[in-house]
Structures are given as C-alpha cells and as structure tokens.
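Produce the complete structure using the sequences and hints provided.
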Amino acid sequence: MTLPDGVEHHEFDGETGIATRGEPVYGEPTDGPWRRWDPHRSKLGAMLELGMATGLTGGETVLYLGAAAGTTVSHVADFCGPTYAVEFAPRPMRDLLAAAESRPRLFPLLKDARKPETYAHVVEPVDVVVQDVATRGQGRVATLNRQFLGDDGRLLAAIKARSEDVTADPRAVFDDVLADIEAEYEVLETNELDPYHDDHLGVVATPRDR
Amino acid sequence: MTDGWFAGVDADDVAAAAARVRDGRADGPDDWPTRAVETGFVADETAYYDRLKDATMAAAETAVREREGADDRQLVHAVRAMADCERTANELAERVAEWAGSRYGESGSGIDCARAVATRENDADADRALRSLAERTVALADEADSLRAYIERTAPAVAPNLSMLAGPVLAARLVALAGGLEALAKKPSGTVQLLGAEDALFAHLQGGAPSPKHGVIYTHEYVRGTRPEDRGSASRALAGKLSIAARIDHYSGDRRPELAEELEDRIATIQARGGADA
Chain E
1 MTLPDGVEHH
11 EFDGETGIAT
21 RGEPVYGEPT
31 DGPWRRWDPH
41 RSKLGAMLEL
51 GMATGLTGGE
61 TVLYLGAAAG
71 TTVSHVADFC
81 GPTYAVEFAP
91 RPMRDLLAAA
101 ESRPRLFPLL
111 KDARKPETYA
121 HVVEPVDVVV
131 QDVATRGQGR
141 VATLNRQFLG
151 DDGRLLAAIK
161 ARSEDVTADP
171 RAVFDDVLAD
181 IEAEYEVLET
191 NELDPYHDDH
201 LGVVATPRDR
Chain B
1 MTDGWFAGVD
11 ADDVAAAAAR
21 VRDGRADGPD
31 DWPTRAVETG
41 FVADETAYYD
51 RLKDATMAAA
61 ETAVREREGA
71 DDRQLVHAVR
81 AMADCERTAN
91 ELAERVAEWA
101 GSRYGESGSG
111 IDCARAVATR
121 ENDADADRAL
131 RSLAERTVAL
141 ADEADSLRAY
151 IERTAPAVAP
161 NLSMLAGPVL
171 AARLVALAGG
181 LEALAKKPSG
191 TVQLLGAEDA
201 LFAHLQGGAP
211 SPKHGVIYTH
221 EYVRGTRPED
231 RGSASRALAG
241 KLSIAARIDH
251 YSGDRRPELA
261 EELEDRIATI
271 QARGGADA
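Line by line, the protein sequences give chains E and B.
Under our numbering, think of the first position of the first sequence as 1, with each following residue one higher.
Under our numbering, think of the first position of the second sequence as 1, with each following residue one higher.
Do not rely on the hints blindly, as some may be mistaken.
Claimed, not checked - Lysine to aspartate or glutamate pairs mimicking EDC-like chemistry, simulated, CA-CA at most 16 Å apart:
{"id": "1", "chain 1": "E", "residue 1": "K115", "chain 2": "B", "residue 2": "D23"}
{"id": "2", "chain 1": "B", "residue 1": "K53", "chain 2": "E", "residue 2": "E101"}
{"id": "3", "chain 1": "B", "residue 1": "K187", "chain 2": "B", "residue 2": "E198"}
{"id": "4", "chain 1": "B", "residue 1": "K53", "chain 2": "B", "residue 2": "E38"}
{"id": "5", "chain 1": "B", "residue 1": "K213", "chain 2": "B", "residue 2": "E229"}
{"id": "6", "chain 1": "B", "residue 1": "K213", "chain 2": "B", "residue 2": "D230"}
{"id": "7", "chain 1": "B", "residue 1": "K53", "chain 2": "B", "residue 2": "D12"}
{"id": "8", "chain 1": "B", "residue 1": "K53", "chain 2": "B", "residue 2": "D27"}
{"id": "9", "chain 1": "E", "residue 1": "K115", "chain 2": "B", "residue 2": "D27"}
Bear in mind the hints are in silico, worked out from the structure with no lab data behind them.
Since this is a predicted model, take the numbers as computed values, not measurements.
Next up, the structure:
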C-alpha cells in the first residue's frame, strides 16, 4: 500500500506506526517533528493502517464531518491542504479549537453535518469528504454532502453500526447504510475496522455521474 | 447563486466575518477562494485563507463560549459536581468509620460518624491522621450540600416548570442526563421516563432482562409513593408531564401552574387503583 505524502511509518517505543508532522494534540508519542497517528483512536488512521485504498496522496482539500476533539482532523490537516472541520457539539469543539490553533489551514465550523446549507457559504468544493459522525442516518449525511465533491472526489467514511441500532446485527446495519450511500456514490472498497474499532465499517466511495 | 461568507464584509472586520460564518447560508458550495479574489475581498488565495482562518476561529470560539456558558450548562456542571462530592464523601466516610472502629471500638457509619470522629480530641499520631481525613470527608459532604443549595436556587430560573414538577435537583439531573435543556425538550417522554436506566434498557433490548419502568424519576415521590404494580403507570404519567414542562421551559419560558394540578389528579387516580382492589 502507498501512504499519502506527509504520512510515514516511524518507530515509537519499539513499535512501528504511521505518523504525521505537526504539533501534538492528544498526548501522542513523538519522534522529532513526527507524531504518532494512533489507529486505535482514529478511524481514518485505522483505514490507512489496514491498507485501504483511500486515494489520498497528500495536499488535498478536505471537508471533515464529525471532527470531534480534533484527534483525526489534526493529522489530516498535517498532510492535506485546506481542511474544513465540521463538528456539532460545543464541548469537543473546545479541544478542536486548541488543535486548530497551530494549524493555519484547519478551519473549525460549529455546524450540523445534516444541514450542509449552513456551511456551504464557507466550504469550497473539495477533493475528499471524510465522514465520522456517530449519529443515526449516517448514509443520509453522506448523500447530503455529495454536493461538495467533484466527479473524481472521494468519500472516506467510517460507519458506526451502534449509532444506527444498538441491537441489530452490525452487518445488517452496514448493508442498510451502504444502500443509502449507493444512491449517490459508487462504493469502491469496504473493510471492517477491527481490531482497531469494533462494529465499524470503513468505506471508500466516489460520486456517481450525474 | 448565493453569496459566500465574505460578501459585504470588510476584510479587516473579523467580528463581522465571524457573524457571517455563523449565521450565513448558501444553497451549495462554490469556488469561494476564487470568487473572493474576483470581487476584490482579498488580493490572493493566501490572504483569503488567512482571513477565513481568523473568521472561523472567532466564530467557533464565540459560539462555544455562548453555548457552554449557558445557564443550563452551568446547572449540568453543578449537579454532576454534587453527585461526585456525595459519592466521594460517602466512600471516604466508610473508610473513616472502619478506621475509627479499629481505634475507638465504635461502630458507626456514614457522614455522621465522620463528623463525630472529626471532633474527637485524642492526640496520637494515628488519631491526628484519622481526624484530618474525617475533617476532609465532612468538608466534602458540606460542599455537596452547598452545591445542592446552588442548584435549588438556580434550577427554577433555568427550567421553572420542570423544577416545579420534579423539584430542582431532579430537574437538574434530568437536564444533565439529556445533555442540556434543549436536548431534554426534544426527547420523547418515553425516553425521559428511562433517563438514568440506560444499562437496564440495553440489557432489556439485548434480550432477557425485563423492561425498566423508570430511570432517575424513581426518586420522585409520585413514583416511590405508588405501589409497585402501578409504578409503571405513575412513571409514564410523570414523564409525560415532565417532558411537556421541559418543552415549555425551553421554547416559551412562561409558567403553567395548571400542569402540577393535572399531574396530581392523574397520580391520585393511579394511586386509587390499589385502594379499589383491596
């Protein structure tokens, strides 16, 4: 597998893991300017670690939905271009603001990913949409945000089964969400994110031609 | 075609730009960096992103400060802090009682025991250590009491109808469990009924366990004062009125004393069932 430019394997305490260059955010180990991208704490990190073909090469413009406290989006901003970080909850946004402080092209937006009309006046068309929203209706979030992607854009989504239905079989939930996504996207690859994240499905998709 | 966040904004006016980021809308995205240069908002793309950075940071900071500093958020912190103090004080009081039993042969328990130990005047090294621990335990219990007093003062202002029906402390607990007054107002009453019983609910949904009838509203006299067979009905009636109260508190804020009377009538009917059967 090929990692994007700006993401490299480094050794931390005798363990090899992926890393990016930037200010540490969540107490992760560092090796000079490199800081470890912990796949146990980041679903996109797990997708890269598992060798999924994300299509990321480095330098992309990114819309990140569900940025939370900024753990993953800080790594994304380290190796990508302008990065728009949408997060709905004020409490994690406080931590995200701290992570955004040292990253001049990371733009925090306290917005609801289910209402793209409230941030379309700020966000330009992007190369990649990363989606990690732990809410019901994850498929709908993906289709609503299709408008930000060009025809050869990429959707990189981590689908959390338990956000849709705690009792249903995760595989059945994944099928439902994928069916929603396929209304607007062609799904290129899926991969369950264990052992890093239980009951999560990593999805790589590209918009269908209109 | 709709406008970008920078339309009509002076490039040096961060506050105005931040307000547009917060409140603006557009039907769809556009190549905003290029349009900003074309319309003369900024000279080049680098300047555009620098302005955007300032505007988005300022917008998010203000919004976070407003929402995190809101009165219902303060109430949530207070009620959680009260629970932490109570839990810790009780835990330490048990430790104090056990230690005191070994030295003075007394068998007390709880905060009262810690209070007694805190005033003992024995003067061996171990006595002093134990007394110091007891004093801290009592201080924590007192802190819990003063947090309770703060909640009792402020909850009626944040959620008047909910506090009237549930009492200030239970009202604050419900707001905390829901994650805010707005979140509570948006929950269906069946969810309000079970707030605080999530473990039991998931055990039930996974199969096997019986369905829980109530969460923290169990502490309300209308539930506890009803005989066990009718507590499900009482919880449902109470939760129904509590969610109506939360909605009025969040969306309008006016006071509806008649809610209390309606609830009282309904509970009286439910509680009378036991009498009729007997």
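List, from low to high, the hint numbers that the structure doesn't satisfy.
-> Per hint list: 4, 8 violated.
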